[in-house]
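Asker: So you can see what is in the structure, the chains are spelled out below.
2 protein chains.
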Amino acid sequence: MNRKTVASLVPLLLCGAAFPLVAQTNRPTLAEKLGYSRDARLLIVHADDVGMTHSVNAATIAGLDAGLVNSASIMVPCPWFPEIADYAKSHPQVDFGLHLTLTSERVYYRWGPVAPKDKVPTLVDENGYFHLDWKTSTRIDPKEAELELRAQIDRAYSMGIRPTHLDSHQYRLLQNGKELFRAFLSVAHDYKLPAFVSRDWFAESPYLEPALSPTDIVIDHTVTISPGVPPEKWNEFYKNALKNLPPGVTEFVIHLAFANDEMNAATRERDTWGAAWRQRDFDFFTSSEFRQVLREESIQLITWRELARAASR
Amino acid sequence: MNRKTVASLVPLLLCGAAFPLVAQTNRPTLAEKLGYSRDARLLIVHADDVGMTHSVNAATIAGLDAGLVNSASIMVPCPWFPEIADYAKSHPQVDFGLHLTLTSERVYYRWGPVAPKDKVPTLVDENGYFHLDWKTSTRIDPKEAELELRAQIDRAYSMGIRPTHLDSHQYRLLQNGKELFRAFLSVAHDYKLPAFVSRDWFAESPYLEPALSPTDIVIDHTVTISPGVPPEKWNEFYKNALKNLPPGVTEFVIHLAFANDEMNAATRERDTWGAAWRQRDFDFFTSSEFRQVLREESIQLITWRELARAASR
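First to last, the sequence lines map onto chains A and B.
The numbering used here applies: residue 61 is where the first sequence begins, and numbers increase by one.
The numbering used here applies: residue 61 is where the second sequence begins, and numbers increase by one.
Just so you know, the hints here were simulated from the structure itself, not pulled from any lab data.
Computed from a predicted model, the values in this text were never measured in an experiment.
C-beta: ideal position from N, C-alpha, C; glycine also.
Hints are not guaranteed to be accurate.
Claimed, not checked - Listed next, with one range per pair, are the computed distances between beta-carbon atoms:
no., chain 1, residue 1, chain 2, residue 2, range
1, A, Asp201, B, Ser150, 47 to 55 Å
2, A, Ala122, B, Pro306, 46 to 54 Å
3, A, Tyr231, B, Glu186, 28 to 36 Å
4, B, Pro287, A, Glu186, 39 to 47 Å
5, B, Pro306, A, Ser197, 54 to 62 Å
6, B, Ser150, A, Glu186, 36 to 44 Å
7, A, Val289, B, Ser218, 33 to 41 Å
What the hints assert, rightly or not - On the chain B side, residues computed to face chain A include the following (Cβ under 7 Å):
no., residue
8, Pro139
9, Pro142
10, Glu143
11, Glu165
12, Tyr168
13, Tyr169
14, Arg170
15, Asp321
16, Glu322
17, Ala325
18, Arg328
19, Arg330
20, Thr332
21, Thr346
22, Ser348
23, Phe350
Stated by the list, open to error - The calculated lysine-lysine pairs, modelled on DSBU-like cross-linking and capped at a C-alpha distance of 30 Å, are:
no., chain 1, residue 1, chain 2, residue 2
24, A, Lys195, B, Lys238
25, B, Lys177, A, Lys203
26, A, Lys149, B, Lys177
27, A, Lys177, B, Lys203
28, A, Lys177, B, Lys149
29, B, Lys238, B, Lys179
30, A, Lys179, B, Lys293
31, B, Lys177, A, Lys177
32, A, Lys177, B, Lys293
33, A, Lys293, A, Lys303
34, B, Lys179, B, Lys203
35, B, Lys303, A, Lys177
36, A, Lys149, B, Lys195
37, A, Lys179, B, Lys299
38, B, Lys179, A, Lys177
39, A, Lys177, A, Lys195
40, B, Lys177, B, Lys203
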């Protein structure tokens, strides 16, 4: 089936969202819409949290330069955003999205909203930073969230970034009810950018699928390492995930940084997603071991830029 | 003259501001108010810019721990403010002031106001950061400046700092006209904190002296190294300044950091007050050479805490 045929079928078949049993067999998969076979194993190697610290920026740029990390997303409210915005502006071919951010989850190093604080009071703590965490008592106003997301995107464009996609830091816009998810989608639609949503999440968050429109891209699978994996099993976890990669589009959500003074200090209150964690990710995803498994498993790397193009066809 | 006698004379003698010729000979000097002789050579070794980066925080704490850096001031709007606020809270004996900040003078690493951006529009650029610099066309509204200064001080108190003094990052509140200086003083008076003003600056900025009230503390001299000093002459500059230290209270305004990845990246667009500059300051002010000159010259270290106490007597 060539691309033209696929394109002509898309509107008809995507309307099948309300009839999943029919649609599942007949409508083209995301892989097919990208021009690959239905059983192709396609992978986005995606570095999160760019802009958070200089260490994250430097490691992400090194990972991109090494050639196998091929997509990343940027936190606009973070202090080192200007550094990565400057890089993105001078490297327009790089697949940078925006990592929409509503939390400031570290203790000793913090950031706050791009929108004026008094316009987004439910997003900030008593000192004007984004909340360290959202507790059950934290009420986030979706309208304020949407205002803040737009402010982040506007600043990114204003500083020269042309993002290929949007995603959500700590999945806050996906795991906290349909109103926040609708705000995320509404912003994505208005800016004509794909939003990172994975089919894996539909069971746990039943409000996701019904909120999607037919043209929204849905990734088939997501892989991200969890605190349960001991450091010495790091590479094994990723190699197993690659060897068992199912057909379709998978995003590896990874976190790169160098475990230097800055990063150790910024993350010192807990090990999860800390400096050593990120150094391990950097080491694996820039290794010849990773390159070899990709080759052996005939895994094809793709980017959000390709996904966005496929969606617009 | 004992302290009680000095205290009883202060109100009378300080009224002499309008009669400088009479006052200069009779009123007690700042040194005398502190309980020292008129010819004592008193020095505050003051590290600026704390909170700016982790590197600055770590070097300043190491400088304070080494024992000869004895005062510092903190930039509340900066990303690493929470780290130093936590340190200040758990080390209440340390002589920390607030380094009131209205600029974000680096290119790749930036910060913005503590007050809501829409309440301080003249302080921010089109992306919501404090201006990189103030040009002749930049109009700063002193009312907005004052609002922001109060927001910075309020956040500092709220996060556990009990500052001993206030000073002005890049001297913006001192070198930009009487209205901004009055805003600085007004805030200092309201929070009952001494504001760093040096008699050295009166000639260049004639609006300073008339704006002061009789109880304001005025430091006699300031020493700060300038871009004209080549790196190899760094220690010589400071040693000469110490050997030629005049009687009275002098503040050495110094800038400490480690020239590591973070600091090199944060300051890479220019060398002035950059990573290497700050590493040189750190090296000198934690050296045995510095300790030896202080001893040889019988220079006495004092802090802002002592100045504030003297002023309140």
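Asker: Run every hint past the structure and note whether it holds.
Answerer: Against the structure, the hints come out as follows:
1. A:Asp201 x B:Ser150: 47 to 55 Å: violated (35 Å)
2. A:Ala122 x B:Pro306: 46 to 54 Å: holds (52 Å)
3. A:Tyr231 x B:Glu186: 28 to 36 Å: At 31 Å between Cβs, range holds.
4. B:Pro287 x A:Glu186: 39 to 47 Å: holds (41 Å)
5. B:Pro306 x A:Ser197: 54 to 62 Å: holds (59 Å)
6. B:Ser150 x A:Glu186: 36 to 44 Å: Since the Cβ atoms of Ser150 (chain B) and Glu186 (chain A) sit about 20 Å apart, the hinted range of 36 to 44 Å is violated.
7. A:Val289 x B:Ser218: 33 to 41 Å: Given a distance of about 39 Å, which is inside 33 to 41 Å, the answer is holds.
8. Pro139: holds (4 Å)
9. Pro142: holds (5 Å)
10. Glu143: holds (4 Å)
11. Glu165: Check failed: Cβ of Glu165 (chain B) comes no nearer than 12 Å to chain A, outside 7 Å.
12. Tyr168: Constraint on Tyr168 (chain B) satisfied, holds at 4 Å.
13. Tyr169: Hint on Tyr169 (chain B): holds, closest Cβ of chain A at ~6 Å, below 7 Å.
14. Arg170: holds (5 Å)
15. Asp321: holds (6 Å)
16. Glu322: At about 4 Å, which falls below the 7 Å cut-off, the nearest Cβ of chain A leaves the hint on Glu322 (chain B) intact, so it holds.
17. Ala325: holds (5 Å)
18. Arg328: Arg328 (chain B) check fails; min Cβ-Cβ to chain A is 9 Å, beyond 7 Å.
19. Arg330: violated (15 Å)
20. Thr332: Not OK, violated: Thr332 (chain B) not within 7 Å of chain A, min 19 Å.
21. Thr346: violated (17 Å)
22. Ser348: With Cβ-Cβ at 25 Å, over 7 Å, it is violated.
23. Phe350: At about 24 Å, which exceeds the 7 Å cut-off, the nearest Cβ of chain A leaves the hint on Phe350 (chain B) violated.
24. A:Lys195 x B:Lys238: Given that 30 Å is the threshold and the Cα spacing comes to 47 Å, the pair is violated.
25. B:Lys177 x A:Lys203: holds (19 Å)
26. A:Lys149 x B:Lys177: holds (25 Å)
27. A:Lys177 x B:Lys203: Given pair Lys177 (chain A), Lys203 (chain B) holds - Cα atoms ~19 Å apart, limit 30 Å.
28. A:Lys177 x B:Lys149: Holds, because 25 Å separates the two Cα atoms, which is no more than 30 Å.
29. B:Lys238 x B:Lys179: Holds: Lys238 (chain B) and Lys179 (chain B) sit about 22 Å apart, inside 30 Å.
30. A:Lys179 x B:Lys293: Not OK: Lys179 (chain A) and Lys293 (chain B) at ~51 Å, beyond 30 Å, violated.
31. B:Lys177 x A:Lys177: With Cα atoms ~7 Å apart, Lys177 (chain B) and Lys177 (chain A) stay inside 30 Å; holds.
32. A:Lys177 x B:Lys293: violated (46 Å)
33. A:Lys293 x A:Lys303: holds (15 Å)
34. B:Lys179 x B:Lys203: holds (10 Å)
35. B:Lys303 x A:Lys177: Roughly 50 Å separates the two Cα atoms, so the pair is violated.
36. A:Lys149 x B:Lys195: Holds, because 25 Å separates the two Cα atoms, which is no more than 30 Å.
37. A:Lys179 x B:Lys299: Roughly 52 Å separates the two Cα atoms, so the pair is violated.
38. B:Lys179 x A:Lys177: holds (10 Å)
39. A:Lys177 x A:Lys195: holds (20 Å)
40. B:Lys177 x B:Lys203: Cα-Cα ~14 Å, so holds.
In the structure shown, a violation is registered for the earlier hints numbered 1, 6, 11, 18, 19, 20, 21, 22, 23, 24, 30, 32, 35 and 37, in ascending order.
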